[in-house]
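Each protein sequence line maps, in turn, to chains D and P.
Number 57 in this note's numbering belongs to position 57 of the first sequence; there are no gaps in the numbering.
Number 72 in this note's numbering belongs to position 72 of the second sequence; there are no gaps in the numbering.
Since the hints were derived computationally from the structure, they do not count as laboratory data.
Think of the CB as a built atom: it goes at the ideal place given N, C-alpha and C, for glycine as much as any other residue.
Hints should not be assumed to be uniformly reliable.
[Stated by the list, open to error] One-sided and incomplete, this derived list gives chain D residues near chain P with beta-carbon spacing under 8 Å:
no.: 1; residue: Gly-8
no.: 2; residue: Arg-49
no.: 3; residue: Gly-54
no.: 4; residue: His-55
no.: 5; residue: His-56
no.: 6; residue: Ala-68
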Amino acid sequence: MKWVTRPGVHVDRAACAWLIRRFVDPEAEFIFRADLPAAPGDATPFDMRGASLGHHGGRCSFETALAAFDLTDPALEEIGRIVHEADLADDRYDAPASHGLDILIRGLTLTSESDLDTIAVTDRLFDGLYEHTRRQLISGRPPA
Amino acid sequence: MTQAEDWVLLAYRLPRLPSTPRSAVWRKLKRLGVAQLGDGLVALPADARTRELFEWVAEEVTDHGGEATLWLGQPLGTAAHAEIVARMTKAVDADYDAVTAEANTSAELDPLARRRAVSRLRREMRRIQARDYFRSEHGETARRALELLAASQPSQAGSQTGPLA
Chain D
1 MKWVTRPGVH VDRAACAWLI RRFVDPEAEF IFRADLPAAP GDATPFDMRG ASLGHHGGRC
61 SFETALAAFD LTDPALEEIG RIVHEADLAD DRYDAPASHG LDILIRGLTL TSESDLDTIA
121 VTDRLFDGLY EHTRRQLISG RPPA
Chain P
1 MTQAEDWVLL AYRLPRLPST PRSAVWRKLK RLGVAQLGDG LVALPADART RELFEWVAEE
61 VTDHGGEATL WLGQPLGTAA HAEIVARMTK AVDADYDAVT AEANTSAELD PLARRRAVSR
121 LRREMRRIQA RDYFRSEHGE TARRALELLA ASQPSQAGSQ TGPLA
């Protein structure tokens with residue numbers, strides 16, 4: 001399937017792309033357009049104004065996507081809180097990791113050759129964050 | 001942070017009632033440190049981040065039955081620009097000054113309360129820095145007061161309860 005989002009990906013779009021590729025559509029093809037009217041009709045939009053996979057009801061797009069795809073994995077929900085705070089910083093959740101994640105991905109965006117290049121790296125980042133979060137939830141403490 | 005030449009403007013209109021979305025949107029804009037240019041017209045120095053922040057506020061407005069459009073623009077005349085910058089800086093200055101004042105008075109607290117004050121004020125500093133678009137000089141003062149508080153040692157012998165006491 002084709003998926004479309006805005007270029008210059010930051011934390012919410014990077015997290016959504018990872019979620020889609022890992023949990024929804026392993027064959028996902030990502031394209032980048034400025035806004036919804038510029039998006040091709042055969043692509044599913046995310047983290048774009050006017051898209052249903054966007055910010056709604058105080059949630060960031062990643063949290064909206066978790067609900068939309070019926071993903072109830074507690075580790076994903078925890079990542080949702082981190083992404084929420086990294087993206088919105090509205091103090092709704094206590095997620096200290098969000099500050100570092102925000103900075104890392106902003107820095108990546110500055111040095112990446114393309115958005116596909118950025119999400120190739122953030123995919124690895126979120127793989128690690130997911131594994132770390134999963135183990136922490138199982139053992140109740142940060143994995144060594 | 002920005003050249004502060006281009007501004008991104010959000011023009012929005014929300015139904016008077018219910019009032020909850022109205023105040024939620026307003027609180028959000030206040031936290032972003034916007035310049036209020038008129039009724040339902042706010043501005044921020046334009047960069048990728050502020051544009052995106054406004055896009056999502058616009059989405060929230062339309063989700064609640066309102067109307068919102070985003071604009072890019074420059075004020076005609078440097079006086080208007082300077083006046084807006086001065087107003088925004090003054091608001092941020094006051095926020096930093098409050099941190100400085102609290103950091104100074106917290107030096108009197110016991111070590112535990114002081115540590116709590118440090119982490120709370122550091123969070124507050126991050127929130128202020130996020131809306132400090134023109135690098136207020138008061139930020140450095142607040143940062144130093146906070147570092148001093150974080151580094152300060154217990155001043156009373158009463159708190160020394162180590163094994164050698």
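So, going through the hints one by one against the coordinates:
no. : hint   : verdict
1   : Gly-8  : holds (6 Å)
2   : Arg-49 : holds (5 Å)
3   : Gly-54 : holds (6 Å)
4   : His-55 : holds (5 Å)
5   : His-56 : holds (6 Å)
6   : Ala-68 : violated (16 Å)
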